[in-house]
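Put the two chains together into one complex, using the hints given.
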Amino acid sequence: MQSSAIKKAGTRSKLIFQTSKESDSAPASTAKPSRQSPDQSRGPAFDHLVQFYESDAFLADRVGEFIGAGFQAGEGGIIIGTPEHNSAIANRLAQNGLDLTALAKAGQYVALDAKDTLSQFMVKGLPDKKRFDQLIGGVLTNARNGQRRRVRAFGEMVALLWKDGNGQAAIQLEELWNELSRNHSFSLFCAYPMNDFGGERNREAFSHICHAHSRVFPTESYAAPNQTEEERLRAIAALEQKAMSLESEIEKRKSFEYRDRLFASIVQYSDDAIASKDLNGIITSWNAGAERIFGYTAAEIIGKSVTILIPPELQHEEPGILARLRRGERIDHYETIRRRKDGTNLEVSLTVSPLKDDTGKVIGASKIARDITERKRAEMIQQAIYDVTKTVNRTVDLREIYEAALSALCRCQYAQRAAILLYDNNGVMRFTAWRNLSDEYRSKVEGHSPWQRDAPSPQPVCLDDVSQDPLDANLRAAVRREGIRSLAFLPITYEGRLIGKFMIYYDTPHHFTPEELRPAQTIVTQVAFAIERRRTGENLERMVNERTASLREAIAQMEEFSYSVSHDLRAPVRAMQCYAEVLREDYGAKLDEPAKKYLDRIINGGARMDQLIQDILTYSRLSRREIKLSPISLDKITREIARQHVETIRSTHAEITLEGKLLSVMGHEASLTQAIANLLNNAVKFVAPGTKPKVRVWTERRNRDVRLWIEDNGIGIKPEYQHRLFSVFERIHPEKNYEGTGIGLAIVRKAAERMGGKAGVESDGVTGSKFWIQLPAAENS
Amino acid sequence: MSTTKPVILLAEDDENDVFFMKRALQKASVDFPLHVVKDGQEALDYLSGAGKFSDRHQHPLPALILLDLKMPFLNGFDVLAWINTQPSLKSIPVVVLTSSSEERDRQKAAQFGAKSYFVKPPTPDMLQQAMGLLNSSHENTTISS
Numbered sequence: 000m001q002s003s004a005i006k007k008a009g010t011r012s013k014l015i016f017q018t019s020k021e022s023d024s025a026p027a028s029t030a031k032p033s034r035q036s037p038d039q040s041r042g043p044a045f046d047h048l049v050q051f052y053e054s055d056a057f058l059a060d061r062v063g064e065f066i067g068a069g070f071q072a073g074e075g076g077i078i079i080g081t082p083e084h085n086s087a088i089a090n091r092l093a094q095n096g097l098d099l100t101a102l103a104k105a106g107q108y109v110a111l112d113a114k115d116t117l118s119q120f121m122v123k124g125l126p127d128k129k130r131f132d133q134l135i136g137g138v139l140t141n142a143r144n145g146q147r148r149r150v151r152a153f154g155e156m157v158a159l160l161w162k163d164g165n166g167q168a169a170i171q172l173e174e175l176w177n178e179l180s181r182n183h184s185f186s187l188f189c190a191y192p193m194n195d196f197g198g199e200r201n202r203e204a205f206s207h208i209c210h211a212h213s214r215v216f217p218t219e220s221y222a223a224p225n226q227t228e229e230e231r232l233r234a235i236a237a238l239e240q241k242a243m244s245l246e247s248e249i250e251k252r253k254s255f256e257y258r259d260r261l262f263a264s265i266v267q268y269s270d271d272a273i274a275s276k277d278l279n280g281i282i283t284s285w286n287a288g289a290e291r292i293f294g295y296t297a298a299e300i301i302g303k304s305v306t307i308l309i310p311p312e313l314q315h316e317e318p319g320i321l322a323r324l325r326r327g328e329r330i331d332h333y334e335t336i337r338r339r340k341d342g343t344n345l346e347v348s349l350t351v352s353p354l355k356d357d358t359g360k361v362i363g364a365s366k367i368a369r370d371i372t373e374r375k376r377a378e379m380i381q382q383a384i385y386d387v388t389k390t391v392n393r394t395v396d397l398r399e400i401y402e403a404a405l406s407a408l409c410r411c412q413y414a415q416r417a418a419i420l421l422y423d424n425n426g427v428m429r430f431t432a433w434r435n436l437s438d439e440y441r442s443k444v445e446g447h448s449p450w451q452r453d454a455p456s457p458q459p460v461c462l463d464d465v466s467q468d469p470l471d472a473n474l475r476a477a478v479r480r481e482g483i484r485s486l487a488f489l490p491i492t493y494e495g496r497l498i499g500k501f502m503i504y505y506d507t508p509h510h511f512t513p514e515e516l517r518p519a520q521t522i523v524t525q526v527a528f529a530i531e532r533r534r535t536g537e538n539l540e541r542m543v544n545e546r547t548a549s550l551r552e553a554i555a556q557m558e559e560f561s562y563s564v565s566h567d568l569r570a571p572v573r574a575m576q577c578y579a580e581v582l583r584e585d586y587g588a589k590l591d592e593p594a595k596k597y598l599d600r601i602i603n604g605g606a607r608m609d610q611l612i613q614d615i616l617t618y619s620r621l622s623r624r625e626i627k628l629s630p631i632s633l634d635k636i637t638r639e640i641a642r643q644h645v646e647t648i649r650s651t652h653a654e655i656t657l658e659g660k661l662l663s664v665m666g667h668e669a670s671l672t673q674a675i676a677n678l679l680n681n682a683v684k685f686v687a688p689g690t691k692p693k694v695r696v697w698t699e700r701r702n703r704d705v706r707l708w709i710e711d712n713g714i715g716i717k718p719e720y721q722h723r724l725f726s727v728f729e730r731i732h733p734e735k736n737y738e739g740t741g742i743g744l745a746i747v748r749k750a751a752e753r754m755g756g757k758a759g760v761e762s763d764g765v766t767g768s769k770f771w772i773q774l775p776a777a778e779n780s
Numbered sequence: 000m001s002t003t004k005p006v007i008l009l010a011e012d013d014e015n016d017v018f019f020m021k022r023a024l025q026k027a028s029v030d031f032p033l034h035v036v037k038d039g040q041e042a043l044d045y046l047s048g049a050g051k052f053s054d055r056h057q058h059p060l061p062a063l064i065l066l067d068l069k070m071p072f073l074n075g076f077d078v079l080a081w082i083n084t085q086p087s088l089k090s091i092p093v094v095v096l097t098s099s100s101e102e103r104d105r106q107k108a109a110q111f112g113a114k115s116y117f118v119k120p121p122t123p124d125m126l127q128q129a130m131g132l133l134n135s136s137h138e139n140t141t142i143s144s
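Here the protein sequences line up with chains A and B, keeping their order.
To convert, note that position 570 of the first sequence is 569 in numbering that gives the first Met the number 0; the numbers rise steadily by one, no gaps.
To convert, note that position 89 of the second sequence is 88 in numbering that gives the first Met the number 0; the numbers rise steadily by one, no gaps.
A few of these clues could be false.
Claimed, not checked - Here are the simulated EDC-like cross-link-like pairs (lysine to aspartate or glutamate), alpha carbons at most 20 Å apart as the crow flies:
#1 B:Lys69 x B:Glu102
#2 B:Lys69 x A:Glu558
#3 B:Lys107 x A:Glu334
#4 B:Lys26 x A:Asp585
Just so you know, these hints were derived from the structure itself, not from any lab.
Nothing here was measured: the structure is a model prediction, and the numbers come from that model.
One chain only, chain B, in its complex shape (with noise of 0.2 Å):
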């Protein structure tokens, strides 16, 4: 089980952020392991296993993407354009976790096919429901936003 243990990758360039969500996932009590990349471009990297993230054993292919939508080079919105266009990534669950509450960032997330929108900071209910997607998704049931 723990070699199939499922990884989350989270891409997100402020430092604080990440200490919070890692300190949210472990209230929450999630223990699968967590991946973080500094910004969209790296996203991309990560999840076609280009440069540094070639090594799929190190840098396996996550279960679940928590995306932030302002980061530098390319933004969560890139990141999710360029998804819907790799096949073998688009069932993968994103869910969005941003400082905004407009609500265009909010439908423009859902046309993109992000899976679910939360605002900053992260909590343990959030997170509780964004694993739900993950064993849903594994279960292939369709769960909406």
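The shape of chain A in the complex, shown without the other chains (with noise of 0.2 Å):
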């Protein structure tokens, strides 16, 4: 293969010796640069050239050129080369005429071995410039044979040592080849091969080098001597557009790496658990967070089905997964349960994405499985205070609250058991309400506690596990026949007293810690709540009932009163007016006009007495009375009073009219027939003398309640004076123009505040007075 190579490049090599020759020196800048050719030095100054190359042949060709050129014009030539280069080049020489062996023998041309001449002046990796001049200058000078002659050189040097990786090496004996210049007489053909500067890593060293020369030939696809000018400016143009395209890939290439890391970056440290499973279910890949999530490293899943992470029950789940992803479909946000590597579930909100290849078929899918074990269980934990707060919020029935709590506690702490114990009348903790726990285990723990019941402030016991934890052996052997393997105390207080405790059970070892503990809390508070509102609505009732029998007691001694007064003291009362009534009649003609009028005034003092009695006893009885309120027809009872009223006291020819029919209120018929007798009464009472009295009666609807209104042509009231009307015993007119006990008006309002209206009176104190009684309508008025 070598040999083919260099025989193809030796026709070649005869074309670039024709065409440099006929060319004249010209700078590698210049826009032909195929037209130069190594052998055209720049006369005496030193000439440092460099050749890249991609085949051998192309350099033994060139090399050949440049050396054969020297010895031609009876210049030195020195080769310093690999052994294969310095042999493909001796036959280019010898195929060019030359006898080597009698040039050799003059001492005109020098063939070194490359490597070895190296190891003479490297020292450390570096070449050492002493021994370098020593050495190469001593080559210099017996090929220059006594200084008559021009040495050109050719090394490789450099490249071997480009080639090995020592670029700084290679670049410090370019520089040292330069300064050797300064005192030989020589032109340097170096070569490097272009394949050693592949990389971006070499760009600046490939500058480098270039720099370090005079003139820069490339390799043989630019610079071929059968080229034409046509041709290489094309090849020029197509390297540029090559160099442009790849620098874009180049760039496309570092924004998709750069992509790849940061995505493989965002996977990697997620929180959730990101992974990829072909069509079978196959799990392809394994992110950080889904080995924190399931506990199984990448390297001992990958590999395996997904199935290992699905527990038994949901095991169906997986087939309807998969035919969805085939169809192309998405799964989003789908919560469900899946098992860790330990054992244990996790409830996770799952994303499954279809994963497709470059012609869209589906090929797998890449799976999203965030833990929501911590949002359920906040969600549950919420939903259960819920439940309970709901509960306390609508019933006092404690033995509801009780189970409604401790559902919610178990629920919230996952526990199977529970109980809730409240201290009884004898001050022993004693079970009140509990969930799996049996009679056996219950009669033997009560009444123990952790804490004193005066204790100031208890606080939670938990025994994380019992066979660890010091606990009384009594309580020990009966906990361990329950199967109990740990337990948790909770106080109960209500202002800082204690009043009965909840527990929680586990068959395990249970490590409780204050934040799972605090939703218990929440319910706890809750039920002493509830404990203590009961308990006060119990003293209040009870209080009430005391205070209920004692006010019933004091009515019933006060109607008891009531009766006596209304017999033992009417009785004198009734004898000191009936035996002056006796004496007036029996005695009157025996009596002067001034003892008649005493009988009259003692008469009349006596009436006045039995009215004050009884209107005393009136309003006393309105007070006590039971009221219960009926439609009562106001038209019907207002008719009957009036005319009863103008039977009774017909001296006075009072006018009463009623206008229109008269509404129903709700009422209590004797109170109320009271109430309007005593205003009609007073309506044609307190008239100015020699006035008829007219009385107008009508009804108002007002709203919800109806208005009986009664105006008379009376003296009227001012209104100062109007708030102390219906107070007992006032008295606005004097006592000797209008009789009256002062009570009648109190009656009047004591009556419609019982039934549950109000009374009032409207009067300018001048044109008479409007008296009213306001009460809630009767339905169907």
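What follows is the structure, encoded as structure tokens:
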């Protein structure tokens, strides 16, 4: 292969030689670089050229040309290359008719092994200037043969250093060559295989190397001797385009790489589990989140089926998921249960999206699993606490509240057993409500409490493992027999007072934490509130009952008193009155006028006294009477009262007018009759002397009430007195003018109030008064 | 006629009220003999002809009973209740005459079978009405209060 390459290149090498001979010296930067040739020296100045190459044959041609031209001009030639290159170059020279043996004999031709030569001046991986100068300087001097000849040299020691990755040494060595040119007249041909400069990292070193040379020649692709100018320009244009597309390709790759790294990093450090699987459900990737959430390492699980993550009872889910994926559907935020490596379950929200290849075919799925155990637990706790609160607000039935609290507690704590114990009247904590505790256990442990009853602020007591924690021997035995392994005592307190406890039990050791017990504490607080509310309610009820009883007794005594008053107090008054009348009737003839007048006064005084007693009785009866409201026709009772009134007080000739049909109200007939009678009585009574009483009665609807108006043409009441009018024993008008006990209107107001209504007056104090009673309207009025 | 003249029994502990009653009867021109007992127990004794009332000629069964409510020993209601248990006495009309204008007393008296209820002092009008009861009861007519 080597030989054929040399042979092929050999044909071309002549062309180069010929073309280059025709050309004059031209700088490498001109538009015709291919016309240049290594043999175009610039006179005595040091010519340090570099040839990049692709094939060894091309190199051999070019060196042969360069050295051969020197020999033909009588110059010396030195070759320091690899053995293969040295021999190929020698072949080329021989083919051009040069007798190397003779030239070597004359000292004009020297061939050295590059590797061997290098070893003679390299010290610690770098070229040593002194040794280099001595060695290479000596070789140059010999080849120049007493200063008469110039020397041409080919060296590829730099290329070897470069190939070994020692670019620093190569560049230093190039410099040493340059420095050597100050004392020696020679041209130097360096050669580097272009392949060694692949890669962006070599860009800077390549530029250094080019800089170290006075002339630079591209590889045969752009400087082939058989290329026309046209071809070369096209090749350069193509090269530029290639370089351009390579640049952009590199940029694209860089951005892809960055994106890939970014995605990889996002996936790797995501809190969520991110994995992928193929259409058979075999896991193909597994991130750190997945390791953390499920407990499997990537190495353990990749290549296994996702079904190992699914609890047995949910295995049916996977075929459905795979089927949907095959159809290209996405499964979004699907909440389900998955199983960890340690066998415990967790609640996850799954998002599964189909993965497609370049052709759009579904080849698997990416799977994101978010651990929603905490969220679900938080939701559940919230719901449990809400349920308890709702129950406490809805009912005062403690049994119901205890059940709701136990149920919520078991849900929050994932516990099967729980209990509520409360102090009984003897100060012993008794089981009040419980879940899954045997009768035997309850009887054995009842009464036990970790706190004194008067403990100032009792704190929860948690036994994470009864076999480890200190426990009373009897208690421990009972707890063991019941199969309880861990338990917590939560004090139920109200305003710092211990009233009982909540118990939580587990069959396995359980590490209780304050955070975990927080929801339970909230439930305990709710229950404490409900218990205390109930107690307060009971106390209140008892107090109300006691007061009611004593009030009833007071009323009974009051009634007894009234009854006695009505009999015993009125009897002597009646006696006085009646005897005075007897006296007047039987002995009137014997009495003079003043005596008769005094008798009249006795009789009137007695009558007033009797009326007063009766009014007081009426008033007190109204206050204590049980009032049952029923629809009352104001029309009916007012007409009856008016009729009786006209009959009893004929002398006044009062005119009482009822306007229209009076409406009906809700009232108590006896009380209402009393009130209306009093008002009518007042209406006809308080008139100026000589005035005929005229009374107008009507009703008026006022929203849901009815107001009965009684308007008179009497003397009126000045506004400043009106507020006193309805009080007991208040009299506005002087006694001597108008009779009255001063209780009548107090009775009216009291009656109205007892019936859920009110009474009042409107008057300007001149033109009569308008009294009213307002009561709720009867349904049908 | 005079031998068969009906007797009125007045149960009243207050001497003043006895005086006013006699005077009112006189004013109302009721000249039926009035027998007075001082308390509820005496009323029972009289009606049952016990003790000093055993002589029915001297103490004949009354045609009308005027009954005070508030009396020592047995009160008016006790007397009414007892009368209700005596078939031979049930037909005698009882008129309650009291100082109490209490509605509950009025109702209770009616429940116990009193034919009429008057608040003291007695007036000739009242007694006329009471005598009306007497006449109609003789004619076996029921009169409601």
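message: To test your reading of the hints: which numbers does this structure violate?
response: Failing hint: just 3.
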